[in-house]
Amino acid sequence: MRREQTPLQRIAADFGESRLALSGLALLALIVLAALFAPLISPQNPYDLAQLDVLDSRLPPGSRSGAGLTFWLGSDGQGRDILSGIFYGLRISLMVGVASTACAVIVGLSMGLCAAYFGGRTDSLIMRIVDIQLSFPSILIALILLALLGQGVGKTIFALIMVQWAYYARTVRGTALIERGKEYIEAATCLALPPARIVFRHLLPNCLPPLIVIATVQVAAAIALEATLSYLGIGVPITEPSLGLLIKNGFDYMLSGKYWISFFPGIALVLTIVSINLVADRLRDVLNPRLQQ
Amino acid sequence: MPAFVIRRLLQSVLVLGVMSLLVFAGVYAIGNPVDILIDPQAGQADIARAISALGLDRPLVEQYLIFLRQALAGDLGNSFVYNVPAIQLILERMPATLELALAATTLAVLLGIPLGLWAGLAPDSWQGKLIMSGSILGFSLPTFWVGLLLIMLFAVELGWLPASGRGPTTEFLGVQVSFLSWDGMRHLILPAINLALFKLSLIIRLTRAGTREALLQDYVKFARAKGLSNARVVGVHVLKNIMIPVVTVIGLEFGSVIAFAIVTESIFGWPGMGKLIIDSINVLDRPVIVAYLLVIVFLVILINLAVDIVYSLLDPRVRIGEAQA
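Residue numbers (this note's numbering), protein chains in the order written: chain H, 1 to 293; chain S, 1 to 325.
Excised from the complex, chain S in its bound form (with noise of 0.2 angstroms):
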């Protein structure tokens, strides 16, 4: 066990490195920002000193030598539009993003469950059928559609609920979060159900396909046959069943979620690092591009870590096969 963690760790911090590499070269090798972040107007003089006090004038292995020693020590540089460090950019909007992504999470798990225990349980229904048609549906339309629609719908010509921005936020913990006052509260749920929608058609497909399989299960019949209520039979025996493979899923894509509020928060204006990252690569803001991506891969690694070793302690099958690898 303690091999299997140490070796998993090795591979994530190489991975990072790698990807700190890539990041670092391709970013640096977009255009030359003097273009864009300086005042054509400026005379020579202006642009020189700009040059030497953005550290653009030194070879680039030295650049991303000293890029490398500061974010080892979290310092990603500055912005070169807000004139403030990178990380401590990213790091304000993170909380925004966690409070959508979790949103949208339990929203999928809430909903999921259920509508895939349904469908489970009836699939030659109508209901049965029609969850399904809707997963189908839900995989299919590109999410950016879809939050336009919402917009179309719910804030345009409805007026329900609003179309744009966080609203105001309350203090919880020491974090800003939206979802606690009834405003904040309104401006996040078109967002959550946005992000939430591929993620949910997916828990309706595993959990439907669990609940099916689990019901021909000798351990399922043995319940009915010593008289069960139904409610006991599907809420404990299959549900706890069906749970493993729903919560390792649910683990794995929650980079995927984080990941894709990029383009919700893009679509809802939602004050998160995915709005910020989109913001920062139209303007060219090195700084903050590489340091949101290296910190949008090290979460993505830390979350595949955290749950490949949970998994391992949950299912010693997975242990062995790494061992004999």
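Okay, chain H solo, but in the shape it has when bound (with noise of 0.2 angstroms):
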């Protein structure tokens, strides 16, 4: 006899039957990985100026440095390994896409549910500073701010919330409000439970599922705009590279044919951007109760 599955074993089947699906995840895993253990995989320190030799910089991919060090994928100008500038660059990329979506989740969804719950004056605020702020395109809101508050890890997290808070907020107001209509709330409310608890316990997790897609589709918009911010120069800290930032920093050599330093770092950030975005869809289809059954 079958046993019963809880949903989460049913999302995950579901989410198996999929291969490209599957395939994408484990691309995702694995660049996770590369980023979490980028100190102990990295053939070199790319922050530790004592590794690296100005003789061994611009080699191209699979040339050998003076200290017996392979290059797999060259070096850029300082003598730096782009492999090893890829797995570090890889972690800032990650940690604040991550970061300024999660961040970027929780300010929309509080706006969302009070926009919900509230309704009346709250709920035309809220939403006219939403509708306001989508009908600028992305990019000119994080370049207003970045403009406005200079450089930084922080200030480019900052920004990123500012751009993607709206998408959440809209998201969670319209599912809280078809959600507020059906019978469970109307059987919570009987319940004379307190509103926190009707809130939180029984309307949140109703609304996740069309925010946990868009959330997953935004990290990696999120990752874009900050490799494109990066790449003008007014996102992440040259301290602090990205990948946006390693291929701004080749950018220059690529016109005299020593394309490794901007390409193999692009390549990480496309794969980064596609395997994310092969899991959202997935997850959509999934995550969707209409195309259930």
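In short, the hints are calculated from the structure, not lab data. As the structure is a computational prediction, the values presented were derived from the model and not from experiment. Just so you know, even glycine gets a beta-carbon here, dropped at the ideal spot from N, CA and C. Accuracy of the hints is not assured; some may be wrong.
Label-pair distances were calculated between CB atoms; the ranges are [what the hints assert, rightly or not]:
1. S:Q127 to H:I11: 42 to 50 angstroms
2. H:I11 to S:L216: 51 to 59 angstroms
3. S:Q63 to H:A29: 47 to 55 angstroms
4. H:I178 to S:L68: 39 to 47 angstroms
5. H:L125 to S:W160: 50 to 58 angstroms
6. S:R224 to H:A13: 40 to 48 angstroms
7. H:S256 to S:Q44: 40 to 48 angstroms
8. H:I178 to S:I6: 48 to 56 angstroms
Fit the two chains together into the complex; they arrive one by one in their own frames, and the hints show the way.
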């Protein structure tokens, strides 16, 4: 006899039915592991100036350094190993993407729930701000904030939170308004449960599925936007190079045919974004109740 | 209808006012311009003279009021670096940005609508699938990295097209443009493709979805039953009905094209407003930053306003919805 599946098991089983999504998840897992264990797996510590030798600069992929190290993906203008730079760069890119999305989800969720629960003036004030913000291109909002605040990892995360929160607020409000009219909320109200309990234990969990899908897509979008801002020189500072900044550093050498300094960090960036998007795409199908049965 | 337009107009003015305050307050809180703009070797007297010449010694509120009064008169201060009016610098660079944005939008429309139609008419053919995979790629790849690949392939490896700059310009209706001369066109191709890619993917998806929906409608079945040629059914009956959403999105996205031109201009050294703002941020040329941000915010608000009004003219449901709200 077949055992009853928990929702989580069902989601996992459904997710596994798509090979493409599974390979995306595997790739993403590899990328996250590489970022987490960067100090252990990198051939070189790119921040340790003592390990760098100017004589090793701009070597093509596969060459050996003076100290006998192999630069599998070549070396950059300071004689830094590109592969190690990518591992360390991934840490910053992923950290900025995940941290900004997590904070934006919390802000957007609170704002959306407030708008839906209180309604009236609160609702129209929050939603008007959301409307106005969404009418501006995301890169413009980030640019305004970073032009005002200056460079920095914390400031970049802040700018990305401000760019993203409106999406979540709008989604959560929409879902919450639909859920609020359903019978289980009525039942909870009849039991005279405190409002906080109704909002957080009953309403919130049922608003999560669409939020999870958007948040996954947004992690990829945030990583791409951070890379773009850092490429423009207004994102993270040179002391904490993300993938975008690594690509920027190699740009000047590209015109003389030394493609690898920009090319490989770019490949790492694209693989990260594509793998997250593959996972998000499958999650959307799995979490959409209309596609069930 | 007039009530809708007036309300929408007031809202736009309010947003512009709030943005000007934010932009000013923020920009004038970045670092100390004295350290950046004045020669560190200069004596105390020289520094004091420079500070009062730039108006940096007054209280912030006073600086803002002066700035607001002058902004309304079209004077946004002189660039610290070039020592010419900031607004003049921006306006000089604007035609280059607009030309690039228009070229990219045209390219996206001219390629996107036929490709989207094709993918919508034959969704299960390999061409249809290829077009859709391409559009997914267009969404996922960061614009700036695609730009680098274009330079690497067409400028460095093949040497067919120039990597940077705008090339010679020709005067056209009183504006300097690139697309009229062959060399200028060669400079325009790569940046235009780069900027167009994202919108191209968007238009392909919109057109495809619209086509698939339209094909199921009764008027298409009826047109086919009348024995009209396939070209006429697709070209007239289907295409006409998918144009409203496509045109709306193109209008709304034009502001975003101008904003994203910042990235493309920086990569290809295109001398437009976007490159100017990045250069100005790097040297903290605050009057130019303020002027750029206000100009682009104004442009985006103007575009949104125009699209909203045109849309409400085309679709009465929008007006009624607004009136009831």
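Each hint tested on the structure:
1. Range check, Q127 of chain S to I11 of chain H: Cβ separation about 35 angstroms, and the 42 to 50 angstroms hint is violated.
2. With their beta carbons about 32 angstroms apart, I11 of chain H and L216 of chain S fall outside the hinted range of 51 to 59 angstroms.
3. One distance hint, 47 to 55 angstroms for the beta-carbon pair Q63 of chain S and A29 of chain H, holds here, with the actual separation near 53 angstroms.
4. In this structure the hint that I178 of chain H and L68 of chain S lie 39 to 47 angstroms apart at CB holds, the actual value being about 44 angstroms.
5. For L125 of chain H and W160 of chain S, the hinted distance range of 50 to 58 angstroms is satisfied, since their beta carbons lie about 55 angstroms from each other.
6. Between R224 of chain S and A13 of chain H, the C-beta spacing of about 43 angstroms keeps the proposed range 40 to 48 angstroms intact.
7. Evaluation of the 40 to 48 angstroms hint for S256 of chain H and Q44 of chain S yields a pass: the beta carbon distance comes to about 46 angstroms.
8. For the pair I178 of chain H and I6 of chain S, the beta carbons lie near 34 angstroms from each other, so the given range of 48 to 56 angstroms is not met.
Hint check: violations occur at hints 1, 2 and 8; the rest are consistent with the structure.
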